[in-house]
Every structure is written in structure tokens, then in C-alpha cells.
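Protein chains in written order, with my numbering: chain L, 47 to 283; chain P, -8 to 434.
In case anyone wonders, no lab produced these hints; they're calculated from the structure. All of these numbers come straight from a predicted model, not from anything done at the bench.
No more than 27 Å apart at the CA atoms, straight line, and that leaves these computed lysine-lysine pairs for DSSO-like:
| hint | chain 1 | residue 1 | chain 2 | residue 2 |
| --- | --- | --- | --- | --- |
| 1 | P | K254 | P | K266 |
| 2 | P | K237 | P | K203 |
| 3 | P | K334 | L | K109 |
| 4 | P | K239 | P | K90 |
| 5 | P | K90 | P | K266 |
| 6 | P | K428 | L | K109 |
| 7 | P | K428 | L | K115 |
| 8 | P | K334 | L | K115 |
| 9 | L | K237 | L | K115 |
| 10 | L | K181 | L | K237 |
| 11 | L | K240 | L | K109 |
| 12 | L | K234 | L | K181 |
Pair ranges (Cβ atoms, derived):
| hint | chain 1 | residue 1 | chain 2 | residue 2 | range |
| --- | --- | --- | --- | --- | --- |
| 13 | P | A303 | L | R167 | 39 to 45 Å |
| 14 | P | L418 | L | D230 | 46 to 52 Å |
| 15 | L | G178 | P | A411 | 45 to 51 Å |
A few chain P residues that face chain L, going by a derived Cβ cut-off under 7 Å, partial list only:
| hint | residue |
| --- | --- |
| 16 | N19 |
| 17 | G331 |
| 18 | M332 |
| 19 | A430 |
In this text, a Cβ means the ideal position worked out from N, Cα and C, and glycines have one as well.
So the chains spell out like this:
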Amino acid sequence: MQLLQVQGIGKRYRQGELEVRALADVELTVTEGEFAALVGPSGSGKTTLLNIIGGLDAPSEGKVLVNGKEITAMPEAVLSSFRLFELGFIFQAYNLVAVLTALENVELVMVLQGRPERERRERARHYLELVGLGKVMDRRPSALSGGQQQRVAVARALAAGPRLVLADEPTANLDSENATALLDIMYKLSKEEKTTFLFSTHDARVMERAQRIITLRDGRIESDERREQSSHARALA
Amino acid sequence: MSTSTSGDSTRTTGGSRLPTLIFMAWRNIWRNPARSGLTVAALAGSLVLLLLYLGLVAGMTRQMVDHATDLALGHMQLHRQAFVDDQDLYATLPWNTLKELETAFPDLSMAPRLYASALASAGDASNGVLIKAVDPQREPRVTRLLEEVREGTSDLGPAPPTDAGLPRHHVLIGAQLARNMNITPGAELILVTQAADASIGNALYQVAGVLKPIDPAFDRQGVLMSIAAFQSLMVMDQGFHELSFKLKDVSQLDAVQAAVAAKVQALTAAQPLDKLGGPPLLRNWRQIAPALADMISMYDGVVWVIGLIVVALAALGMVNTMIMAIHERTREFGVLRAIGMDKRWLLVMVLIEPLLLALISAVLGVVAALVLIKGLLKDGIDLSASMPDGFDMVGIVIDPLMPMQLEPMHVIYAALLVIAITMIAALLPSWRVMRVKPAESMR
Chain L
47 MQLLQVQGIG KRYRQGELEV RALADVELTV TEGEFAALVG PSGSGKTTLL
97 NIIGGLDAPS EGKVLVNGKE ITAMPEAVLS SFRLFELGFI FQAYNLVAVL
147 TALENVELVM VLQGRPERER RERARHYLEL VGLGKVMDRR PSALSGGQQQ
197 RVAVARALAA GPRLVLADEP TANLDSENAT ALLDIMYKLS KEEKTTFLFS
247 THDARVMERA QRIITLRDGR IESDERREQS SHARALA
Chain P
-8 MSTSTSGDST RTTGGSRLPT LIFMAWRNIW RNPARSGLTV AALAGSLVLL
42 LLYLGLVAGM TRQMVDHATD LALGHMQLHR QAFVDDQDLY ATLPWNTLKE
92 LETAFPDLSM APRLYASALA SAGDASNGVL IKAVDPQREP RVTRLLEEVR
142 EGTSDLGPAP PTDAGLPRHH VLIGAQLARN MNITPGAELI LVTQAADASI
192 GNALYQVAGV LKPIDPAFDR QGVLMSIAAF QSLMVMDQGF HELSFKLKDV
242 SQLDAVQAAV AAKVQALTAA QPLDKLGGPP LLRNWRQIAP ALADMISMYD
292 GVVWVIGLIV VALAALGMVN TMIMAIHERT REFGVLRAIG MDKRWLLVMV
342 LIEPLLLALI SAVLGVVAAL VLIKGLLKDG IDLSASMPDG FDMVGIVIDP
392 LMPMQLEPMH VIYAALLVIA ITMIAALLPS WRVMRVKPAE SMR
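For reference, chain L alone in the conformation it holds in the complex:
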């Protein structure tokens, strides 16, 4: 089943006197349960495309449908609610709320969803255990390492039960060991939870695990390669 359809997306913006074309005629479909990587050099439009797919930015042309719903036509309030219930975000810079503990950060999206306290507390604990942070869930982000913060972000994205998780360079700020551990966790959870993942990355380790690699160059899709699972991924699965 097609979960994501990107149809003729283009994005232009002005930079001083110049008009910059960040994306042009991007066509893309992602089916449910895929673990797909969006790769390309810096400035190729990966983050812009993810932002548009996530409803964080508006395209200059084209449309995006998630689960058959055209998010590019949604009013802001509906789009906000759509993001809350259907999408999960993992950012390069972790972006946890500084005044909340790891547990509270994971709970936050579920609070906004209006889930009962007991349910959200149980889910938050469960996902923090899954990402290996059971012993530090009462710490605030400032007391966690970069790898731990990104795992909290993964738990936050998944605990809310999204259909599609958008991850923008999730391993860019992590050392090799932490990056590998995080990718293993994400891959495992994606399979267990049947959640669709779309990454932007230029990390070879991410690409190694991805079932599909979509390459962007100068705002256009250069290639879209589906492939067999890597041996690493097979081992994890």
C-alpha cells in the first residue's frame, strides 16, 4: 500500500536578488513499512523535501499525500493535528525540550495527543527501555550524551504511534559506535512496529541498512534504487 505520494513537488525561494530552485519535479512514492534513505550531497534538497513531506514547509508547486490525504492542501490547524497523530520526527540536532526529562520528552507528544496519563507513562517507559535508556529516563537532556539524546528522540517519535517517521540526518552528530547502535535500534523498531522510515542521510551506515536509496542531486531525483536487505539488516531482522 502506498503510504506516501510526492507529486511534482518544486520549491523555489529568494536569496537576495537570486531565485534559488531547491527542488524541481520531484515524484516519489513510499509504501508502508519501507526503510528508505534519501541521499545526496549537501544542498541537494534532502532536508527541504523532508520538511515539505512533514508539512513543516510549503512547496512552491506540486502536492504531497500521506495515507491518501493531501497534506499540502490542509489548513494549518488540521496539518498540525495530522503531524501529531500520523508523523514522527527525528532531527539532526536531537531537539529535545530542555526543561523536560527523557521520560517527559517521550510523553510530550502523547500528552498533546490527549492520551490518558497511565497509558502514555507506560508507553514512554516501554520505548525508553527499548532504546536502552531505562536507567536514565529521569535525566534532563543536558545530563545525557548526544547518542542518548538521539535515542530519546527516536523513542519520542515512535511512542506516539506514527505511520511515517521522517529522520533528518539522525546520525550526523553521533560517533560511529552511537550511530551504529541507533541505526540498529531504529531498524529493529521499524520492523517490530511496522513503521515506515524515510531518512535523509549521507552516512554509509544508514545506506547499508536501507531497503531503498533515493538519490537527490540539485533538487531532482537522480536515482531510486530498491535493493535486497544487507547482511547486517538480515542479521538484525
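Chain L is fixed; fit chain P onto it per the hints.
This is chain P only, laid out in the frame that chain L set:
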């Protein structure tokens, strides 16, 4: 239960977001304890200043009203119209009016008074004086006039006769008059006047005491004597000029005034008065001293205007705090918007922060003001070193000891004012979060 809709899907949600937003706001305000502390100090300080000012003005106005009602006016007064207009000596009410009213209103205290002018002389000094005659038994039930003796005693009874055997009464005189005529208690005073029967009334008196400054006019010219002494001097016993009333419960003033006025009207109908003196006129203290009543109302207005300015200046600190807090957290607001927080909830969370700061400031400000007013300043502000006799304001002499009085409603209004102004000041910078664009703010 709340319902959330996205596209064609509808979800029912049961948990409340508000406690979490309050919790986050509380944590956020302590991200920068020094900045929040300074903001609270400024707001609480402005509230303390406002409450001190309110307490001082309330204490002063209460003292003015108490002076006016307890020392001279009473809560209500009954006169004839001609006495009010022209101080007509003959515009009196019959004595049986007093008896009838005392019977009809046993809970009301009443004191009759008579007035005249005369020429006073003592030794080589002479001075025009205003005579006020009171009933030494009834007057203390209505006013504290006879307690306000600076020197000597408050005895208004007969004095020892002169060496030549002439009868004398005791009188009390105003402080300024005593200074002007160089009179001390025990001195002899001669009063000469035109009596009610057009004869020349004159008599000898002994000064029993000197009154404290109460009313500027009486202080300069007043001679207080008993009604018996007045009647003897003025050859006038048909009635009284003024009947002063004191209520047990001042909050019932309007109702009591209406009841007494109806009774007076009934008495007048049963026993018609002469036409020259005009109809009886019953007025409460606000009607008798409108300048005082107006000034109290004006003070109330001025105090709140000044309070508004003080609090508004302090609230500028809140504007700065919110501008900085929002500027520093723009990225976080972008993240919250990205993960699905509605911008209205974001605004609520941001506005809870100044609300919490304002509530903390209100509590601290009220506590500090109470400690100051009920503790350090419980005896009032003493100005006796520079103004030993107090000062005159719209004909009322104010004590040099200025009491502080904090009305519960003033405390509530002042705290609400601080909260309201703070929220208004915070609204404009906070509104910026409504325009946060997630993608831009996270770049």
C-alpha cells in the same frame, strides 16, 4: 474528552494537556532564575508601593471621616433650612422633637446643639467668637468632642461664683483663640452678645480647658458651653439649632436617614413649624461636607491612576523578559510545532509563564505589604516632629500620626491589577509564537 480531526480520520482523546503546559511553563520560568527573580522583584515591589500608598490614603481618608463624624458632624444632622442657609438664630426645632425621635429610635444616639456669635474679652484682649452649646450628657454619646481637651478639664458645669458673688459657667475654648487672647485654664472670660429677645446678653465664664485643634474655624474662634449656660446668656429656650445623630452601624446610614426623615416629616405635620425658619432638613455627613466626600472619591481615583502607572512601569520588565525568553527559545517552539503542538496551545504555554510570574509577584507583594503595614507601620507614620498639630484639609484637621489601613478589597484589586497589567504587557511579545514557522526556526 476532546476530539481531534485530521483529514477524514477522527480521534477521540481523553487526557488533559493543560497540567503539562503549566508544568512546562513552571520549569521554563526557572531556566533563567536571575531574570525571573528580577521580574518578580519589580512586580512585587510595585505592588508593595501601590498597597502602601493605598493603605496611607485609606488611613488618611478614614481618619478624615472619623474626625468629621466622631468629633463634629456625627453621621447625620437635623436643622431648619434657614439655619443651614443663614445661621438664623431663630430657626430652631422644638425640644419635643428630640424627645419624640429618641423614643422612636432608641438605637440612635442624639445630641442637640445651639450656636451664636459673641464678643469675648479677657483682660485687655477681645475677640469675636462662635459659641457652640452642647448637652454634656448627650454629646459624648455622639462625638468625642469633650475628650479632645489639650489643657484643663472638659467640665461644662457651673463654675465657682466670682468674688463679688456673680454666677459663672465653665467654658472650653479653641487652641488658637487661647493663644490669641493669652488665656489659660482658670482664666475669666466675658461674653457679650445680642440675646434672642434683642437684649444685650452678657455673662462671666471661667475657662475650664483648651480644646485640641479639631476644626480650623472653631480652633480660632470657638467657645464651647453647656446648653443651660447658652440658654441663660441668649434668653432662648424654645428649641435647638442642630441635632446630631450617631448610628451603631454606619452601613445602614441610607435606610436610617430615610426612616428618621419620615418621622420628622410626621412630627412637623402634627406640630407645624413657623414659616420663617423653613422646613426641617436631615442630611448625612456626605451631604453636610460634600467637599470631604468629593475629595475622598477623588483620592480613590488618583490612587488607582498612580498605581496603574507604577505597575505599568514594572510590567515593562515583563515585556523584556518575554522578548528574551521567546527569542532564546524560538528553535524549541519550532520543534514543538513540528511534533504537532497547535499554535494556540503554544501561546497558552507561553502565556502561562507571565501568569505564574505575576501570581508569584502578587503573593510576595501582598505578604511584604502586610508585613510592612501590619508590622513595621502598624502605628502609622508619625509626622508630629514637623507638624505637631497636624494639618488642615478641607476644613478637617488631620492628626500628625497618619494611620495605615489596608482594605481587603483594595488588596484584591491591587493584586488583580498587577496580574492584568502583566498579562497585557506579556501578550504582545508572546503573540510572536503564533507566527513561528517550524522549518525556519529549526534551521
